[in-house]
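Visitor: Those sequence lines, one after another, are chains A and B.
Counting in our numbering, the first sequence runs from 94 upward without gaps.
Counting in our numbering, the second sequence runs from 94 upward without gaps.
Treat the hints as calculated values from the structure; they're not laboratory data.
Same chains, same names: a pair is fine if it fits in one copy or spans any two.
Below, a list of computed lysine-lysine pairs in the DSS-like style, where the Cα atoms sit at most 30 Å apart:
no. : residue 1 : residue 2
1   : K133      : K218
2   : K327      : K189
3   : K326      : K190
4   : K326      : K189
Keep in mind it's a predicted model, so treat the numbers as computed, not measured.
Number of protein chains: 2
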Amino acid sequence: MENFNNYLKIINEAIARIALTRQPENLYQPIAYSLEMGGKRLRPILTLAACDLFGGNINQAIDAAVGIEIFHNFTLVHDDIMDDAPLRRGSKTVYKKWNSNIAILSGDTMFAIALQQLTHTNHPKLKEIISVFVQTAIEVCEGQQFDMDFESRSDVSIAEYLEMIRLKTAVLLGASLKIGALLANAGEDQTRLMYDFGINAGIAFQLKDDWLDAFGDQAKFGKSIGGDILANKKTYLYLKCLQMASSADREILQNLFQISQSDENAKVRSVLELFNKYQIKEAATLEMEKFFQKSIQSINQVVAPADKKEALTGFAEMLYKRDK
Amino acid sequence: MENFNNYLKIINEAIARIALTRQPENLYQPIAYSLEMGGKRLRPILTLAACDLFGGNINQAIDAAVGIEIFHNFTLVHDDIMDDAPLRRGSKTVYKKWNSNIAILSGDTMFAIALQQLTHTNHPKLKEIISVFVQTAIEVCEGQQFDMDFESRSDVSIAEYLEMIRLKTAVLLGASLKIGALLANAGEDQTRLMYDFGINAGIAFQLKDDWLDAFGDQAKFGKSIGGDILANKKTYLYLKCLQMASSADREILQNLFQISQSDENAKVRSVLELFNKYQIKEAATLEMEKFFQKSIQSINQVVAPADKKEALTGFAEMLYKRDK
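One chain only, chain A, in its complex shape (with noise of 0.2 Å):
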């Protein structure tokens, strides 16, 4: 792990390094306060870590790796204010400490600014890194907008669920290994393991999220269970229940989804006692571990130093064994 806490530090310093005390104030200023809200990094961290494990110089990585990092804070910076989201990573959004029209010009102002700071990278490949990285920001937006679309829907599949994280989730995590190993001058093959390797350990990964806001342990957890559960969201838990349950388990399920209750713990026990008649914790247990093993199969899969691969592959058990 000691690789990976590195790669937060030079991606935290490299960050820091860009020039953000600039006019207009009303610009800029949001713009760092998002960046420096701090996070995982986890993209980023992936970019690196994919360009060393096939030999690459990170040196060479690192801003491309930036520029993936600015463009996932870009979309959260617009995704709260779509989801009316007060608060991210305890602080308040964008939209709230600012205002909308600011909080979608800063983003806007981001996501040219994430591409920036992957057009300064020097490699011959930069062409195919870029489209790699347009792709991805394109199919981003379409899973926030299939996932604004399930708000209003009633008919949603669990195929178009796992589709949909996919797509909002998944694939940048996929592309920020994709990005790394083509840095590092990896074949066509293996580029495309990476991106596998990404894809079902993102589904893998938002599966746990799902996972935890409803079975997770509320003092390791660090926020209440149910989240979830009382914004009506539609996630695998909700669908598996509503595919297992009897039509008349179903109309109760449906039902709670659709009213809002005063009584907000009342609401999320109802919902719980359904999961676990129908043993949906199990269920999206095996699910999850379905696409995390898939993960597993696509990293064993690429030829590259063992120790290497294994630390790879240790980072993604560690964020997918996480209880929080």
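With the hints as your guide, set chain B onto chain A.
Guide: This is chain B only, laid out in the frame that chain A set:
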């Protein structure tokens, strides 16, 4: 002008070829709607014209030209949310026809598609072209933020206003021309001259916009005179009048721009009387003529066939001399 009409046709055909009949509909329909609204396609026409001016193959410039046009339309979609604008080119704006979340997200996607188009370009200078594009994108955002900031400031100087319109409007015209020149492998001094041509012509065009809003012939202008006055916009005309007026008149003008009056005609009439008293029409004409002449000086220094230079100058002059 025949070439320019042909360029318009090429651009519209290329835009029509982009596959936008896709899922999710709520993401792609607004994009198609925005791009089908039309508009003058001024920027991509300039890219093709600049490429042709230096003997380049315009077929090689179509992707970049289309990318620039899509970027421009993205800025309109987001600006309309921020400006709360109900209409654009006589049709409902995206955020009015759908909602602001959809307008934010389809705008983001348009930015990514713009880059995707640009990246389709096969050219050894692609890295430089993308760098020009993203730097310009950042500056356009800065210009929009300055414009929003000016709404609540009472101490905006004419120099600040000119810098704001340089960023918000002129740099994208400059970049459109520069990218066309780069695609034709024009030298550094030539691409700089084209950029300067675009910057100064762009400032002249924007000043002309301000001018027409107050002094245009309503029958030809096609919309009501005084829209900027009613919106309390701090245009060149307003700032110049503040500079020229006696302290008593300055106070009257400032008051007129602070209160929202019930009698709109009276407000426009009072402001125009002050503009006439201080010969703002003449001052603004001189100012925009100065920028237009500067733009002509730049293109005059360009080394290119005289007939092609004249066609481009004629096109700029037609835009500048427009009465609507």
